[in-house]
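Student: Residue numbers (our numbering), protein chains in the order written: chain B, 1 to 148; chain G, 1 to 148; chain V, 1 to 148.
Misleading hints may appear alongside valid ones.
Stated by the list, open to error - Derived DEER-like restraints, expressed as beta-carbon distance ranges:
hint : chain 1 : residue 1 : chain 2 : residue 2 : range
1    : G       : E83       : V       : D126      : 43 to 51 Å
2    : G       : R11       : V       : A57       : 33 to 41 Å
3    : G       : E14       : V       : P59       : 41 to 49 Å
4    : B       : P74       : G       : A34       : 29 to 37 Å
5    : B       : R75       : G       : R75       : 21 to 29 Å
Hints are computed from structural coordinates only; laboratory data are not their basis. As the structure is a prediction and not an experimental result, all values here were calculated from the model. C-beta: ideal position from N, C-alpha, C; glycine also.
The primary structure of each chain is shown beneath.
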Amino acid sequence: MAGTTLEISIRTPEREILVDITSRVEAAIGQAHATFTGVATVFVPHTTAGVTINEGADPTVVRDIVDHLRRLVPRESGFRHGEGNSDAHIKASLMGSSVAVPVEGGRLRLGTWQSIYLAEFDGPRDRRVWIVPITAGSEDQRASGGRP
Amino acid sequence: MAGTTLEISIRTPEREILVDITSRVEAAIGQAHATFTGVATVFVPHTTAGVTINEGADPTVVRDIVDHLRRLVPRESGFRHGEGNSDAHIKASLMGSSVAVPVEGGRLRLGTWQSIYLAEFDGPRDRRVWIVPITAGSEDQRASGGRP
Amino acid sequence: MAGTTLEISIRTPEREILVDITSRVEAAIGQAHATFTGVATVFVPHTTAGVTINEGADPTVVRDIVDHLRRLVPRESGFRHGEGNSDAHIKASLMGSSVAVPVEGGRLRLGTWQSIYLAEFDGPRDRRVWIVPITAGSEDQRASGGRP
Chain B
1 MAGTTLEISI RTPEREILVD ITSRVEAAIG QAHATFTGVA TVFVPHTTAG
51 VTINEGADPT VVRDIVDHLR RLVPRESGFR HGEGNSDAHI KASLMGSSVA
101 VPVEGGRLRL GTWQSIYLAE FDGPRDRRVW IVPITAGSED QRASGGRP
Chain G
1 MAGTTLEISI RTPEREILVD ITSRVEAAIG QAHATFTGVA TVFVPHTTAG
51 VTINEGADPT VVRDIVDHLR RLVPRESGFR HGEGNSDAHI KASLMGSSVA
101 VPVEGGRLRL GTWQSIYLAE FDGPRDRRVW IVPITAGSED QRASGGRP
Chain V
1 MAGTTLEISI RTPEREILVD ITSRVEAAIG QAHATFTGVA TVFVPHTTAG
51 VTINEGADPT VVRDIVDHLR RLVPRESGFR HGEGNSDAHI KASLMGSSVA
101 VPVEGGRLRL GTWQSIYLAE FDGPRDRRVW IVPITAGSED QRASGGRP
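With the rest of the complex left out, here is chain B (with noise of 0.2 Å):
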């Protein structure tokens, strides 16, 4: 992996479940790239989980969004696919792989609420997750790659 991506390793506990890596996607920026400004790319190279960032003050709501996920997408719904997690896959796609954190000097800049969950709908597993880090800036690109 290129020096600039950071990668964390996550056990999942349960099935279904999302799990606060707030803590642990600062860490790894903070530790490698403490002046870092701009957003962190927070991918999860996994399709039966994805990523997503909701309230992370009162862990009823993340429980919510896992039991209702769950009655949007049972389970038992008749799929094709014959390994039995097409419900995980179709989650996943809902939650998506990717989210995008503001940062500015190595720290994560979130709204008040926010955390970041890893979106576990497969297992318990081990997952990671790759953050790559992408400068801010505001370049006239195209000026720039016209000068000689």
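Once you've looked at the hints, dock chains G and V against the given chain B.
Tutor: For chains G and V alone, kept in the frame of chain B given last:
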């Protein structure tokens, strides 16, 4: 906030509504970064509102989106969270907390019918939107990093 | 379009289908930006199609995704929008209009089972996909900006 990051404020008029913020986002970028070419990360620092891109021409489209999300995630569904707004948290994660918008020369480069919407699910409220500009570029990060 | 942004065209063969565009995206990046390392923003400039990352090995997975989205958002649900494709607009927002894909040395860095899908919900149509490369970097934007 870092000098490159912009913030706009929006007062949402209803509990559930998609508010078109395209011109606000474009004006903020055009004023601060008139020659910027790249991607704007449009980020919502809230947990009961999200952001999405959809049709801007016919206003019935976004009303259909709001109505159908209400059917998929009714406000009363036996949720655990005591504040009575778990539906809003779930819809926020379904829409997502950020969108990436191509920008060229300080102007948004959206598809013909696309607009950017703040997706309010627990208003009316005062909401903020952060815009982080990221310059386009295809530099070989490893090569440049490897030079002394 | 700026020199760094790429465009690919896709003819979708059905009303609702997930079309694997991974090799098209990789070929476009590899040809134009063979040494690029960072994140590719893959953006769909349409409002009745989106883009998502999911399993590429077993084609039944994406058929299950399409089928289940049709159950969640049936075409006839008493919508206001007169064109009869509100379901497609809603599904597009559920999937999202862009994905962020890590790239290293001009090659996509996806998880083992991940593919990128154009999510068509109102085809068959000619669709475009824009790819904006963003170089990875963890520079201190504020420090560099502060230097004369």
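Student: Confirm or reject each hint.
Tutor: Hints, verified against the model:
At about 46 Å, the beta-carbon gap between G/E83 and V/D126 stays in the expected band of 43 to 51 Å. Checked against the hint of 33 to 41 Å, the C-beta distance between G/R11 and V/A57 comes to roughly 48 Å, which is inconsistent with it. A hinted range of 41 to 49 Å holds for the C-beta pair G/E14 and V/P59, which are about 42 Å apart. Separated by about 51 Å at the C-beta atoms, B/P74 and G/A34 break the suggested range of 29 to 37 Å.
Take B/R75 and G/R75: their Cβ atoms lie about 25 Å apart, and the range 21 to 29 Å holds.
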